[in-house]
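Trainee: Residue numbers (the working numbering), protein chains in the order written: chain Z, 29 to 367; chain C, 29 to 367; chain D, 29 to 367; chain W, 29 to 367.
Be a bit skeptical, because a hint or two may be false.
Stated by the list, open to error - Taking CB as the label site, the calculated pair distances span:
1) D:Ala259 / C:Glu184: 31 to 41 Å
2) D:Gly187 / W:Arg60: 49 to 59 Å
3) W:Glu174 / D:Asn72: 24 to 34 Å
4) D:Asn72 / W:Val111: 51 to 61 Å
5) D:Glu108 / C:Asp113: 46 to 56 Å
6) Z:Cys331 / C:Gly172: 44 to 54 Å
In case anyone wonders, no lab produced these hints; they're calculated from the structure. Note that the structure is predicted; figures quoted are calculated from it, not measured. The beta carbon of each residue, even a glycine, is placed where N, CA and C say it ideally should be.
Protein chains: 4
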Amino acid sequence: MIVNMNPEATEEQIQHVIDRIKECGFQAHVIRGAERTVIGAVGNSGRRGELEGLQVAPGVAALVPISQPFKLVGRELRSERTVVDVGGVKIGGPNWVVIAGPCSVESRAQLMEAARGVQAAGAHLLRGGAYKPRTSPYDFQGLGIEALEFLREAREETGLPIVTEVMGTEDVTLVSEYADMLQVGARNMQNFPLLRRLAKTDRPVLLKRGPSATVKEWLLAAEYLLSGGNANVVLCERGIKTFESELRNTLDLAAIALAKELSHLPVLADPSHGTGRRSVIPAMSRAAIAAGADGLMIEVHPCPERALSDGAQSLDVTAFARLMQDMERPMATRAGVLV
Amino acid sequence: MIVNMNPEATEEQIQHVIDRIKECGFQAHVIRGAERTVIGAVGNSGRRGELEGLQVAPGVAALVPISQPFKLVGRELRSERTVVDVGGVKIGGPNWVVIAGPCSVESRAQLMEAARGVQAAGAHLLRGGAYKPRTSPYDFQGLGIEALEFLREAREETGLPIVTEVMGTEDVTLVSEYADMLQVGARNMQNFPLLRRLAKTDRPVLLKRGPSATVKEWLLAAEYLLSGGNANVVLCERGIKTFESELRNTLDLAAIALAKELSHLPVLADPSHGTGRRSVIPAMSRAAIAAGADGLMIEVHPCPERALSDGAQSLDVTAFARLMQDMERPMATRAGVLV
Amino acid sequence: MIVNMNPEATEEQIQHVIDRIKECGFQAHVIRGAERTVIGAVGNSGRRGELEGLQVAPGVAALVPISQPFKLVGRELRSERTVVDVGGVKIGGPNWVVIAGPCSVESRAQLMEAARGVQAAGAHLLRGGAYKPRTSPYDFQGLGIEALEFLREAREETGLPIVTEVMGTEDVTLVSEYADMLQVGARNMQNFPLLRRLAKTDRPVLLKRGPSATVKEWLLAAEYLLSGGNANVVLCERGIKTFESELRNTLDLAAIALAKELSHLPVLADPSHGTGRRSVIPAMSRAAIAAGADGLMIEVHPCPERALSDGAQSLDVTAFARLMQDMERPMATRAGVLV
Amino acid sequence: MIVNMNPEATEEQIQHVIDRIKECGFQAHVIRGAERTVIGAVGNSGRRGELEGLQVAPGVAALVPISQPFKLVGRELRSERTVVDVGGVKIGGPNWVVIAGPCSVESRAQLMEAARGVQAAGAHLLRGGAYKPRTSPYDFQGLGIEALEFLREAREETGLPIVTEVMGTEDVTLVSEYADMLQVGARNMQNFPLLRRLAKTDRPVLLKRGPSATVKEWLLAAEYLLSGGNANVVLCERGIKTFESELRNTLDLAAIALAKELSHLPVLADPSHGTGRRSVIPAMSRAAIAAGADGLMIEVHPCPERALSDGAQSLDVTAFARLMQDMERPMATRAGVLV
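Isolated chain Z, as found in the complex (with noise of 0.2 Å):
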């Protein structure tokens, strides 16, 4: 930690905060300059949360932290990249993967056709939300158990595991009957008791961004995860909240490169959610794979039209299909033809 003082910080000030560095457990570090003084704390044993009051003692212009908040989640600790196995399906390993399937299981046949129509694609997992959070108390909020029931016989008969959103602490063990892997929705990226909670179970946590998080407070809710004992944890980026109307959010393929630069956990993209638009899932598919993503979580609907929630962001298991084989299709060449 840095602290930059003002310009006309007296010296007893400059002593002040001298004095409290110590006192947190630190060694203070003064460098006098042409026009202001800065003092760095030094030392990795100190109490440093009670570092941060400093910012308003007196003659303080700023503090300036040095060090990553995160530490399981870094790279610096670990070099090697996490593995994450679902199922026996494998994120984060040389080969990409894709969770395809309903954003909610509105009937046992919507998602056996949804379930049947991905695996035939080459989809890796199924997804489908039982427990929805939805904006409006109006909209459909999912089927709850009976759609647990639909996603273990899914599983059954396609063989993919599933992967589905808990909304609270008090579903974890319930959905962990059912599901391989438990998703934390954007809204509730930063639901700390839910944290807490999936730190102490034994399924792998899909961490999605939330809509306002920057790529540090993303990594350091993972943090709650890996530091409660869970370390089977992948990210998934879906984009953030920004002024532009057209697209329901931008997806931020830069936060995956940065993601991965920062930390050695496996990172998705979630187009359909990402972008809310059907017509630009497939490019953004291919660029969030050449961004750098370990994989995609795609929504699939048998009948888009008719969907109880996100439909315009849907694909129908045709485009699906035609998707993936896109997908196989060797990338731009100088040559080639883009898109």
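Starting from the structure of chain Z, add chains C, D and W where the hints point.
Mentor: Using the frame of chain Z, we list chains C, D and W on its own:
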């Protein structure tokens, strides 16, 4: 709902939309324009949610919602303003109120000193965090039940009703034994299981706006509470995330004016979180009241420099007392000096 | 400038940074911490711009600027507040001022009616666009020199000094013949040739904040004017672009408080563009003054419904007169009714 | 245009809207719903701009635009894609192109070394700034005409056509003598006098997206060029401003896919400005092409550490050559390793 067709939409596609509107229980009303056709779905007994899928029907350019998505929080069904009684203090009435106290309860002594100070300065309610949502798992997470005991004691001594945050459904019963008002933190604004649980309690709820929530999403979160049975809801604007990095958040005072135009619920402002900078809190407190806020939530710590959380945005007791006096001062007249 | 080295930086890399700091004319001051080394560049006669490249020197994690980037607009070199005289009206003094008038000058009759109306209601300066920046080339682009003639006539009749926008360097001479104050529109805030040209004029400049400009970028744009020779600069906050779509922009009143803390220049607020919604303009006008604004800029049109631009955010003359009276009313006392 | 009336609108108010629609040259088509009335303005020969004022007519809740606001840049009037020829290099055709070179031209030696390097690596066009828009007046502002002379010399030696920025109308004639393509910088995207002037030149224009411009605003800026007579326009996405602070901007690749869906113009990506971070430029270059970009604009400096501007985001010649080779590599197959 208005369905806006593409200019090149065929008769068959138009007819399909008409049929689907009728299937969902609405009447279809067609306007054939010079360039394109638009189709209105008319009626109030149809299944609105199912209409949304039309966004991906062939030939459809876009859907345009016409009605507001919220009902009980809106002013169409209730013209008088809601006044929420919190332990005898009325929020939303003719007088504005101030909730003050430390970000976190750190010790008995710290809380009591803060409580006595804010009471003497004229605060109406006491805040203090027992369970703290923190970005990093390595930061101070709150004293939990011990803090709740201290809060009870502070109420007994000062008479100030208590406002404290509840982070998950599992804590609602316990925290309700101690608190007069339950706060939903900004990052939990769309924690729907928590909202559903709080809808069933008899305690008033303070619902903070999420850092990336639109005013409509905020009102829809409140709609979860009202439609679930709890009408004692107070909204609180606490800043949104924007590109401006000099301040912690962007305090959106126009959102207060807008929320009061669209809803009958009281609205507070939290200039402490909303700016993160002690020096601008007095100006923004006055501005929030001028914008129509029903009151303020302000962080006060006996010694901000030693606070375990949010010291940079906390006032000390003296500065808070000065702010309270300042608020009583007549505002700018045309010849008056400001700030 | 502080250079933060990677934890694994080598001695050679550290030495390279030290050498480079010296080459640029600064002294290097090294702090060796438990985890990493940081190096301060100290001095005020070095070539600061050249230091920035160190960000990509081997072993460097990040550069941390320590000094504020602006000089003449800041308060370190000038402690008293600037007061700008515009045709006899003082902006930044003890009294706040109101600039009012139509978005665009549409006709002689429309302007004269607006001018008489705002004068009668107590406005201090008259605004009116002769050259209009419009998002679409098919929208009304302003009457140009004809509008300038009408503005001159309005000044002659009402005595109100004129504020009008200048869109490019080629118009500065002409517009200066008519206007008492030259406005730089939000989208031109970083039109540097225009700023350099206006630095050479003797007219006061009203510099609107860009919709994606930080407060620091805004102050640096003003620094172009001051460092080029024009000290008569008034800042104007007019809303920034955020995800909130219900209002046209997010009026950032804390930016006004912050700008006044960092700079000695006067700061106005434009609640018309800042919200785009007529119903919230009175509340935001009062809030802006309470936040410390030195005045307001408000769009007033004799018949907003027939305005050729920005009708939705324009007040009619009656509503403006009511707002002006309302501004004189004493603000909230603790027992007072607000709004 | 659809006019959405308030639920409590009176018959008189409805009739007023109908009358006004007719006055503006449209037909009015009324839909009376269960809760409210909506009125369509139908026709393509009316004065659309005048309709906008209806937003503030009594009883009106909101106006809903139905048609896209742009014409010539859209695909409705022109189905084939535009290919822009810049000194013999075709942008928008089957092959993607790369514009590379230094942010600023700093010296003859620096430019020539960069030019030879990027040519050898396979770049198609050479960039280099002669006039630089800089946030601070104290930063390097470019060499001006001297830089233009060096650029001409570099073209003569390497054969690469030149792309350089023009900052104001007064420079258009001069810069056009040297450059093959004129760049409009992001902060000038809505500098309308400049756009109008460039519409009259015979040089192709590279139009960067503004940091807070929606895709529609970007296309409307291009519409200024096309409607003014210059059809040789190439768009360039270079990142938007968001709350994410770890990267300089948020590169919005979905905007590229969307712009290509809405418009026939070619679209490039600038991952250098779009991220500001050298380490993620290769990943984002590949991702941009995968998203459908027609090419890239990349900053290359012989010695980024000593660059006078944007060193942190510049590749050196070796890294650029590696990127170019990397781009030719087949993309991920399902069994392929990525990044």
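Trainee: The structure should be examined with respect to each hint, and the outcome stated for every one.
Mentor: Taking the hints in turn, this is what the structure says about them:
1. Taking the beta carbon of each, Ala259 of chain D and Glu184 of chain C are about 59 Å apart, not inside 31 to 41 Å as hinted.
2. In this structure the hint that Gly187 of chain D and Arg60 of chain W lie 49 to 59 Å apart at CB holds, the actual value being about 51 Å.
3. Distance hint check: the CB atoms of Glu174 of chain W and Asn72 of chain D are about 30 Å apart, consistent with the given range 24 to 34 Å.
4. Range check, Asn72 of chain D to Val111 of chain W: Cβ separation about 53 Å, and the 51 to 61 Å hint holds.
5. A C-beta distance of roughly 49 Å is found between Glu108 of chain D and Asp113 of chain C, which places it inside the suggested range of 46 to 56 Å.
6. In this structure, Cys331 of chain Z and Gly172 of chain C meet the distance hint of 44 to 54 Å, their C-beta atoms being roughly 49 Å apart.
Of the hints listed earlier, the one the structure fails to meet is number 1.
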